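Fit chain to chain and form the complex, with the hints in mind.
Chain residues, written in single-letter form:
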Amino acid sequence: MSEMTLKPPLAERRSLLGWLRKNLFNSWGNAILTVAAGWLTFVTLRGLLQWVFTEADWAVIVTNLRLILLGQYPIAEVWRIWVSMALLAFLIGNSLSIWGKGKTSTRFTVLLVAVLLALAFAVGESSRLWLLGMAALLAAGWWLGRGAGKAMRNVVGIGWVVWPPIFILLLRGFSAQGGVLPLVGTNLWGGLMLTFMLTIVGIVFSFPIGVLLALGRQSNLTIVRWFCVTFIEVVRGVPLITILFMAQLMLPLFLPAGLTIDRVLRAMVGITLFSAAYLAENVRGGLQAIPKGQYEAAYALGLSNPLSMGLIILPQALRLIIPILVGQFIALFKDTALVAIVGLFDLVGIARTVLAQPAFLGTHREVYAFISLLYWVFSYAMSYVSIRLEDSLGVGKR
Amino acid sequence: MANAHKASASPPFWRDERVLKLLAQVIFGAAVLFFGNMLFGNMVNGLRQQGTTLGLSFLQNTSGFDLAETLNSYTRSSAYWQAFMAGLYNTLLVSAVGILFATILGVILGVARLSSNVLVRFLATAYLELMRNLSLLVFLIFWYLGVFLKLPLVREAITWPGNVLLTNRGIAIPWGLPTETWPTFKLFLIAGLVLAIALILYFRWQGKRTGKSPLAIVWAPLAFLAVAVAGWLLQPSAPLSLDLPAVQGLNIRGGRIFTPEFMALVSGLVLYTAAFIGEVVRAGIQAVSKGQVEASRALGLSSFQTLRLVVFPQALQVIIPPLTSQYLNLTKNSSLAIAVGYPDLFYVSNTILNQSGRAVEMITLVMLTYLFFSLVTSVFMNWYNARARLVER
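Protein sequence lines, in the order shown, are assigned to chains A and B.
So for the first sequence, the numbering used here puts the first residue at 49; every next one is plus one.
So for the second sequence, the numbering used here puts the first residue at 11; every next one is plus one.
Bound conformation, chain B alone (with noise of 0.2 Å):
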């Protein structure tokens, strides 16, 4: 064998497989670097004849553009950079709202996919199978256009019980206004908030040392709610003073007002996506096998401990790595806001993009940008699928 090995002599280079790989690898790296070079090549041509060039200096030059909302201290007269800045904190507050009441809504959503009632599960399903089968750029469009500017005006204000107002300016509710003993309460808050952290902790780390854990998640909001609530006592007078929304001639008084633009696409995306969660929430439920549903029962849990220790452990491994996608798909469809008006990341970037015509840094920005949230997505999914799998044997 070893002889015959020696006698069929190294094959000729051409024929090397070991030599034709790195040959199609160079040659294949080669033509992207051609290809690459040409495109920018023809690309700072042609930006030079419109007589620009590459750079990101242009974001400390005065924006002279008004953004409806802002959550910082934006105004006309500050830096484009700033207007980024505010249109992607507009894009996470968008987000963060939208997955939250998105959450909700989908497990509702998912749970009455398999309620044992008939009523329930077809309205569950039917209206699955509406939103899944929209468009959802024509959806937000017509629950923009249609439905929230379609609103009376403000004099004709709709009043909804508790105060409030639905309006074709805006929704508004009652709001809390800090009062001077406020700044003493948000320590209250936050003392109450390191405390259900470390009792959560706490509660971990004895359920590893006896095996059995008491309920974190019902007694650590318990603590928290009981000092904000003595810190709330506590104080001479109430940290925060009811405002409540009035209609005071053409405009809107006092409360919280919401614009329609905000409430549209806030809404929608919540709308569109719940659906998609559901399906995420009854797949995951079903995944669980009835097998071990009766395995525990059989041990003498309850149905309820049944729930908490058996069915939902397993049930979250198979939602949580869809469910984030879902998250990420919400994160980058509110960039739709540009459809209804929303000053969101791309919305305000787009305006920037017109105002100076740098086209090429406004894109390769909010491309950064968007790709950032998806990478911190993913190497978040990586992270729990290997602790998750840990966790299994």
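In isolation and in its complexed conformation, chain A is listed as follows (with noise of 0.2 Å):
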């Protein structure tokens, strides 16, 4: 057979001319726009090159780049925020052999390490060590994930549930009188931290609230639906700014006198709330993807409604929106930034406050381009890891 084969006509081999031709000048029309497209490239990546390496100052992020990570968090304190970052990324390392798919996992595997390490050797003497620290953990999560059974994926499972709590009392700490972890304020967290800190709080929150809701406007308890589709339905209906406007300004007015919150775990209410009335809608669609006969199954099975919510419906229905849900999570972390509108010092508040120093005024080009950058890479990572799950748990494909 294989010595029949012809050879394709001389356009379509693949040689570096007859791709040319085929993909880029097949017709006139095309070959216009080739050149029209190649030329705004060129002028783009050029110019981009240009500023970023010749005009742009990137002192201004040097010097502020322990402020714009990690806001004012004391120094001493951080080797809380390190240890949280340890442990993440041996769950990331650990994840990466289990549910990763042959070499793109390994790939993504060797080129997190490499990062990892090459930053180390970019940074001062006092991150070095828990640089290296982290990426000896990615690699050895990984190492152990290879092959794992089923006990492994559970513990891993729980790894991943357990571990948000963890961070956020870590770095919170306990005592207000000194201690093992004396009490960090809330006025205290800043920068890229506090973005995680707010999009990980909505994450954790939103998830149960939004699934309640979802199954209170599937219910047939008329008052409770009528509840769940106006909470709903107004959330979503107003911009998120306004939400937590209102979490700010009128949430200590409900509360009995007395009782205050501070501004941060404002923030959290207002990105929580409105984060559950997306969730619930994204979980209604799954629920209303799941057949009939699931429902009719369960209750021939004698399973009570919750049992049968609980164990047959839902688990389903989930599975099916996991990358509806990542998307959903990537659109919160891209929002957390409105909080710098009602004075927060997340990644944009610290911004303002970087370009207030007297030494860095006019500077705004480079921090908001490096501040878009930060949130470019986590937003793709994430949308990234979100396919690989998608293709690992056969979503679609059952």
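Treat the hints as calculated values from the structure; they're not laboratory data.
Worth double-checking, as some hints may not be accurate.
Using C-beta positions, here's what the derived DEER-type ranges look like [claimed, not checked]: (1) ARG273/A <-> ALA396/B: 27 to 35 Å; (2) ASN395/B <-> ASN268/A: 21 to 29 Å; (3) PRO171/B <-> VAL252/A: 50 to 58 Å.
Fair warning: this is a prediction, and the values are worked out from it, not measured in the lab.
From the three backbone atoms N, C-alpha and C, an ideal C-beta is built for every residue, glycine too.
Now the structure itself:
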């Protein structure tokens, strides 16, 4: 058979010229488009590279890197952030080898380790050991995850559930009077760390609320259903910034006299409620996609309503909507930037502080470009992970 | 069977599902009412301690602040509600302009994503990946502070072909100034519009009657244009005189000047939303199965007819619902105007809030206004979905 195969016609052979002709210059119109697009790419790239390497003054980022990443978090307590990051690195490495597929996951792991090592040599003495440790833990996690059985999967799954509370508790501390983990007030939280914190709290708390709202909307109890519908539609109908303002200005009024909550917590409440309404709609989509036979089969087996929901319907529905959920969490991560408008010092809020320093007046482009880059890298990484997760869970293939 | 049913006496009321359901609802309703009442009570108490009560009468008070740009005749001696309306008009303006341009750019992007040209496809994909993973707020601030405010001073204005001036005080473009014949010309425009609408309706009616519909989308605008041109030429003098912007000392004279705030907000929203609209358009086009195209070609329709009569209507059905929600997103996202200092609904309301201290009333008003937009949109969506379904079979 193989000796019988004919060579494709000249234009389609895998030569550079053939490829160019087929894909870029197959008609006059396309040729013009190619030239125009090529010129646009060239001009954009040249302008960008020229700015990044010759015109921009990155000293403002180098000097303020700590502030941008960690805000005003006390230096003596920074080890807590490192510890949680190290745990995260281990979990990521482990998950990559368990759920990732073949070469891509290996490449991704190697890339992550390389980035960590590169960072370790770029930063100062104090962070180097931590970064090296993180790289080692990531590699170790990956090594341990190879050929892991079901038990290991469960451990990692639990690890992902337990990590957010550990992160928050570790960073916040417990006792106001010193002790083992002294309290670090939320007024000292800032930068990328606060952005992460708001995102994680938003995800963790909006998830159960959103699921409950979705179930309430499907419920046959009229009052419950109307309450859920009203909440969901009102929250989805207004911009996030109005919800954040409401949380900042009206929430303190709602509370009984004498009870106060701090500004970061108020923002967290606002973000959680906002995210819960959107999540509820996504979960509803998943619930509606489950065939009626599943409900009826659960009922026929004698399962009560809560049991059939918890054991039969929800696990299937949630699995269906994983990609949508990750997309929503990415949106949440990007939306947390709005807390800067109500005066918190997240990435965007910290940018204002940095720009107010007399030494770095007028460096708006550098600062905001760097912050955009941070948002971009993390959002992109999350969407990459979601595609992997989708593949390995076989969503849409069963 | 009937006997057995009779034998098992009806269950006691605490196990009767109907009673339980009712009870659950009553308890839930009571809990909601109780908490709602408690929160509201706390709020009224808190407000009383601050020496205020709820009410909207403060909206009649004089505002006393200036707004950089308004569409109505607002001044600092106008009332709060007039300021609110000025903000509302600005929000509507930004949304309308934004939606128009985002749609155009989005359709181009969506089609480019499906182009057979590798380079064009790559560019569109790269743009999409860049935009989708940026935070809109950060992008808007960067766009405003890093691009529009970094344009040169008026004295060193960049001049683009067509007499467009780019400065850090705004973008000035040539504009038409109405002359004394403008009012008569306006009548011509209205007549042209009426004619165009009548043509569309007539073509549709005729299309239903005969099964052959002429291209209303081509003829109606042509008719409007013809009436407009006739109106322009029939006047003794031109209804509009061209006003070119020019640098005069430290200011720009003439033309129409768009402030950096407006430009940054609108163009930022357009660039961001277009990426999402591009995805919607691409998905819509791809949703039309290849068999449809092949079948219509087999029936002898030309490729243009295939596009117009087969692909386009089906793609539109898939595109419209997500497109509407993108429009709504753009409208809601325009509230980020506060970050670039453009006086939209939210910015103005925030100013009123700070001046009058009426947080509860102002936040409620703003939320209700945005909610109104959303409700109108979802009513339209339901109407469209119902109509699209009817058309289907």
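Checklist entry - Broken hints, numbered, in rising order? => result 1
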